[in-house]
Structures are given as structure tokens and as C-alpha cells.
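A.B. asks: Add chains H and L to chain X, keeping to what the hints say.
Protein chains in written order, with the working numbering: chain X, 2 to 237; chain H, 2 to 237; chain L, 2 to 237.
Please note that the accuracy of each hint is not assured.
Which copy is meant is left open, so a pair is good if it fits within one copy or across any two.
[Said to hold, decoys possible] Here are the simulated DSBU-like pairs of lysine-lysine, each with C-alpha atoms no more than 30 angstroms apart in a straight line:
id, residue 1, residue 2
1, 44, 144
2, 144, 38
3, 85, 188
4, 43, 85
5, 188, 44
6, 144, 113
7, 44, 174
8, 174, 43
9, 220, 85
10, 220, 38
11, 38, 152
12, 188, 38
13, 188, 144
For the record, the hints were derived by calculation from the structure and aren't laboratory data. In this text, all values refer to a predicted model and were calculated from it rather than measured experimentally.
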Amino acid sequence: AKGPKAAGCGITEFVGTAIGDTIGLVIANVDAAIHEKMNLDKKYRSIGIIGARTGAGPQIMAADEAVKATNTEIVTIELARDTKGGAGHGCLIIFGAEEVSDARRAVEVTLKELNRTFGDVYANDAGHLELQYTARASYAIEKAFGAPLGKAFGLIVGAPAAIGVLMADTAVKTANVEVVAYASPAKGTSFSNEVIIMITGDSGAVRQSVIAAREIGLKLLNTLAAPAQPVTVPYI
Amino acid sequence: AKGPKAAGCGITEFVGTAIGDTIGLVIANVDAAIHEKMNLDKKYRSIGIIGARTGAGPQIMAADEAVKATNTEIVTIELARDTKGGAGHGCLIIFGAEEVSDARRAVEVTLKELNRTFGDVYANDAGHLELQYTARASYAIEKAFGAPLGKAFGLIVGAPAAIGVLMADTAVKTANVEVVAYASPAKGTSFSNEVIIMITGDSGAVRQSVIAAREIGLKLLNTLAAPAQPVTVPYI
Amino acid sequence: AKGPKAAGCGITEFVGTAIGDTIGLVIANVDAAIHEKMNLDKKYRSIGIIGARTGAGPQIMAADEAVKATNTEIVTIELARDTKGGAGHGCLIIFGAEEVSDARRAVEVTLKELNRTFGDVYANDAGHLELQYTARASYAIEKAFGAPLGKAFGLIVGAPAAIGVLMADTAVKTANVEVVAYASPAKGTSFSNEVIIMITGDSGAVRQSVIAAREIGLKLLNTLAAPAQPVTVPYI
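Next comes chain X alone, as it looks inside the complex (with noise of 0.2 angstroms):
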């Protein structure tokens, strides 16, 4: 398995890497000024840190995973136009946290976590698919895409565009689920070329839908290029 890796570069701060060019850091102590220019709260002296050229959904839903399984708080996410020229996202989360260990801990959690997150996503020449589901959303998924706590969660992404409002159509058809967000080039993303829709409600509709629009999404996509492959394993 293409887990994180801990090469050691000599570096405290220095957690692991792992798919998607995603480095995962920590502060013990974020310097006052630093800490000032960023918003932290201020009960937060350190802080973990995940950022990746490739990808926000599928850190998000790791960084979900990691709220989770820690003591920590989802400080920020950010959207970078990125994918080292594709379609879609780059991103930085930072989770803040009173204790270092808790921060190195969530930031464990996430980058163990992006293999299996990075499994519905599926990519080829002309745009990528992605696809998440969680039968329960935490903190994460809720700050970043405004969804209930506690409840079953679904995200839907195609690109280029055209192909995602298909895919929401779809998903929405599906099943009786409730639309949390919709978000376009010029709405909710930062530029990207993507459709993305959100969707909550009874975890055995959200699964349907989301598996619904992946089955529509591929064939799609495989018209403009060759197969689009998933980069791991799906895992929905």
C-alpha cells in the first residue's frame, strides 16, 4: 500500500508525504506574529498542517477521519486552483490543536487516510471524477462544505464542468436526498473547472446517488479520452 512516508528529511516539523504531492507538517509552537496573521485561536498553540498540489476532497474527507480520531479542530481550509494543471484543487488545511502530539496525531490520521480517499477519483487526459461518501460527517466536512454533523455525506465533482451538472442531475434523481451545495467554475470553487455537488440524508439514498453519478460520470468522461482509471482503490 502507498502509504504515507516518513523519509526523515531531519526535520521536527516534518510529519510524512503521501499521494496527491501531499506533505503533512506540525508547529509545537506557532510564533506570535505568524499565529496573529493566520486567525488561530488563540488556545491553540500548535498547529498540524496537510498541503497537497493534488486534491482537497479527498484531504478533507481524511482530515474528517482525523477530527475524529483526535483532539483537534479544523482551523481552516483552503482552495488553491491547482492539480499541477488539471481541472480541479490543491489545498491547505490546518488543524490547530493545544497539545503537538494531538496535531502530529491528526496529521497522521489524514495522510493514512488519502488512500482510501483517493480511491473515487478517477482521472484520464480530458478531467477527473471524484466521488466521496461517509455514512457520517464530522467537523471537517462540515466546515468545509457546510454539511450536518453526524449525518451520511456525499460529494459528487466532475470535470470538466458540464460533465458535474450532469452528474448532480443524476445524483438528485437517484434518491431522496437533500442538496447541502452546489458549487461552479464562478461559484464556491476558486476558479476550477468543475462541478461539484453536495448531498446529505439516509446514508443508504446518499450512497445510491453518489454511486449513480459515478456511473454516469465515467461513461462521460471516456468520451473525450481514454478510460479514466481511479488512482487507488474505489472504495464506495
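C.D. replies: For chains H and L alone, coordinates are given in the frame of chain X:
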């Protein structure tokens, strides 16, 4: 000719693909929840969808011919920061229609026109130019650029943006045209590396200005990399 | 040395090209309609233009030397989301001048300085670092970053952004410097995948902070891909 492909992926909503990783789709009855999130006018139950990784101008010009030829309206035009690592935009264009046959026809016309409207897009490793001209602007051009309906319209794009500045100045000095708008990386683009000028006026003057801008733009772009080639066949 | 090229494309307004797909141009008498759309001060009939696909910091630092050396003013600095699929910016910089000879000279100085100011840009397949330092900031640095005139200035950039966070924290902990600004993917950048910190203070302290940030940044960037190399020759 590289017309739209309709390989038939087995999905009713699929219309075809074209140059620029452009895909064309229709939805006969947009789901109510998606309809609301997309801010569609209630009278349009059907939509046509054009999305592309590369290009916004060519698709908008092509859509302009489509609205002239069909009973549809341009509902939204959104520009992603894309071109697959290049300096420009991708796009998402939504047509609204009361009947799905109209939406489908608009998408078909757009896909077919793209071969022409990519004719004066010139690219090399350092950047690109785009020139567009029509003797009579319709609703897509009005929606996207704020140009007056029924009048001649010219679009002049240079990337990197510095080249666009000189193309703009040259265009306006060449003939008696009116500047509709001027866009640059931080104003009026999705942070693309382009300067874009949109002009209107007498059709002869607009055409002359566009041609003069093309000439100087090509010379400048070719100082940075190998001679830029047209993507298809120049039409202006 | 890779100085500016002036291959002579036969256009009066062409000044030269340089590293980063940078092009330098002048316009002796900007057309009135363009002048207005660009929001130029009326006293400047001439402009110098610097545009690049790759880099904003190197061009701004170079332009800062140009305004010190010439009778020009920095009119606008705009940052495209670019670097040709990389994690950073491209740029468009406009100098205003009363005489075209001044505008031309400013562009020439900028193009010539770029070889130096790309010296502490380090890149590998996963991202890049940029370090800049001057003992005395002038008007381009003030305009772009809000740094105090005449004081030492340091610019520290890390991409992916996570690396920039640790570089920023390290810089501020290394010596007694003041944070001018802190930018991240969603605040103060054009959605680039960078964290950028700008510092001022005693020249020795600023230089020391920049060097410490460079050291830690290189170690981190090299955990993600092959060792990052300087684009030209380090100068700090």
C-alpha cells in the same frame, strides 16, 4: 473536418464532443433542487450544456450562432481558469429551453461551429492569441461580454497578458472602433494570464482592427517560442 | 549569461524577452480609450510593459530596481494564476512615464535584473520556493507588497502552501523581523498554491530570516520529489 463526435456512450443526455475537450449535453427535465441551485428561470425545464477544458471565446462565439438559430436562451456563462496548464480559460455554458429538442439543437450547432471559431486561436509553448469576429452579435456575446446586440463585434486576446496590452492598443489605433470592455489578470478574467479587449462598431472597422491586432500579436508571441500555429483554419 | 534577448521582431514597441517567458514592451502614446480602461494617470502618455508566464516575485524585485534607476512609476501590478501548470503566478506589470525613453529604460533594467532575481527560485516536480531580499525597498515592492520604502525587505514563498507555512514560522523565529503581510491560497494570492510571507526590519535580520526559511523549505520540498534546483544562480 473535425466536427463534433457523437460516439454514442449510451446516455440519452449525451450530444457530442468537439475540439478543446468540449462536451455537449442536454437535460430534458432538470431536477427541481438542481434547477433552484443553478438559478434557472422557471420557464426552462430543459437545458443544453457546453463545457470545455480549453477555450471560452470559441465556445461563446459558437453559442452565439446557436442562439441565433434556435429557440433557446443563454442562461449562464462561467469561465474556469483552465486550458490544461495554459494561460487561459475553460468554460461552462448553459442554454435554457422550453423543449429539449431546442436545447439539443443549440448544443449541436455550438459543437459544429467550434471548428470554425477555433480558427483564429494561435498557440505556442509560451502562450496564445485568440481573435474572433462577427458582423452581428447575438445574445451569447451580449451575455458574456456586454456587447451591443445586432452590431459587429470583435474579440482580441493575448497571452501572456503583456502581448494583449499591445494588441489592444493596436486594435483601437487601427480603425474607428468602440471599446466594449478591457479585461486583465486581476480584472474581468478568472486570473488568467490574458489581456482581452472587446470592440464594436462598423463591421469593416472591427474586422480591420482584429486583423491588425492579430498581426502584431503573432510577431510578439513568436519572440518567446516557436512560431504559433492556428488551432484549425483561420476564418477572419 | 542569459540576459534579455532583443531578437528584433520588427516592432518598434518590442524591447526584449527574458527567463520565465517574460516579454518587455513599450507604448509611446497609449490610445486614449485604452488609457482610460487601464485607469492610467493622465500625466503618463507612455507605458512600459512587463509580462510573464512564470514568476511574479522575480519580476517585481527586478521592477523595483528599474524604478530606482529611471524616471518612471509603477502603475499596476497584476498576478495571473499561472506558472504554466505550476503552483504559482505569472504577472503583468505596467510602468508609467512621461517620456517613452524612460519607459523603455525601465523595461530594459527589469529584463536585465531577472537573471539575478530568479537566482533563489528553486523548483522540482512537486513545487517551488522563492526567496528575495533587498537592503532597500523601493516603489515596486511598496506597491506590490505594502512594504515600507527604503527599508530592508524579504520575500519568502513556499509551494505547496504547507511548506510556506513552516518557512514563514521559521523566518519569524530566526531573527527580529516584522511581518508586512502573509498570503495563502484563499487570501492575498490569485488562488495559487503558495504561502507567502513578506518581512521587513534590520537588513541583517531580514537576510538571516530569508536564509533560514530557504534552508528548511528546501529540505521539505525535497521530501516530495527530486532535489529542487535554483533556476539561475542564488544571490542571497
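A.B. asks: Hint by hint, say whether it matches the structure.
C.D. replies: Now for the hints, and whether the structure bears them out:
1. 44 to 144: within (19 angstroms within a copy, 35 angstroms between copies)
2. 144 to 38: both (20 angstroms within a copy, 20 angstroms between copies)
3. 85 to 188: Answer is both: 21 angstroms inside a copy and 20 angstroms across each meet the 30 angstroms cutoff.
4. 43 to 85: Neither: 35 angstroms inside a copy, 39 angstroms across copies.
5. 188 to 44: The answer is between: 23 angstroms across copies meets 30 angstroms, while 33 angstroms in one copy does not.
6. 144 to 113: within (21 angstroms within a copy, 43 angstroms between copies)
7. 44 to 174: between (45 angstroms within a copy, 20 angstroms between copies)
8. 174 to 43: between (45 angstroms within a copy, 18 angstroms between copies)
9. 220 to 85: Both. Shortest intra-copy (24 angstroms) and inter-copy (21 angstroms) distances satisfy the 30 angstroms Cα cut-off.
10. 220 to 38: Intra 46 angstroms, inter 24 angstroms, cutoff 30 angstroms: inter-copy only.
11. 38 to 152: Cα proximity of residue 38 and residue 152: across copies only (21 angstroms, versus 34 angstroms in one copy).
12. 188 to 38: Result: close both inside a copy and across copies, 26 angstroms intra and 11 angstroms inter.
13. 188 to 144: both (17 angstroms within a copy, 17 angstroms between copies)
The structure is inconsistent with hint 4 alone, although it conforms to all the rest.
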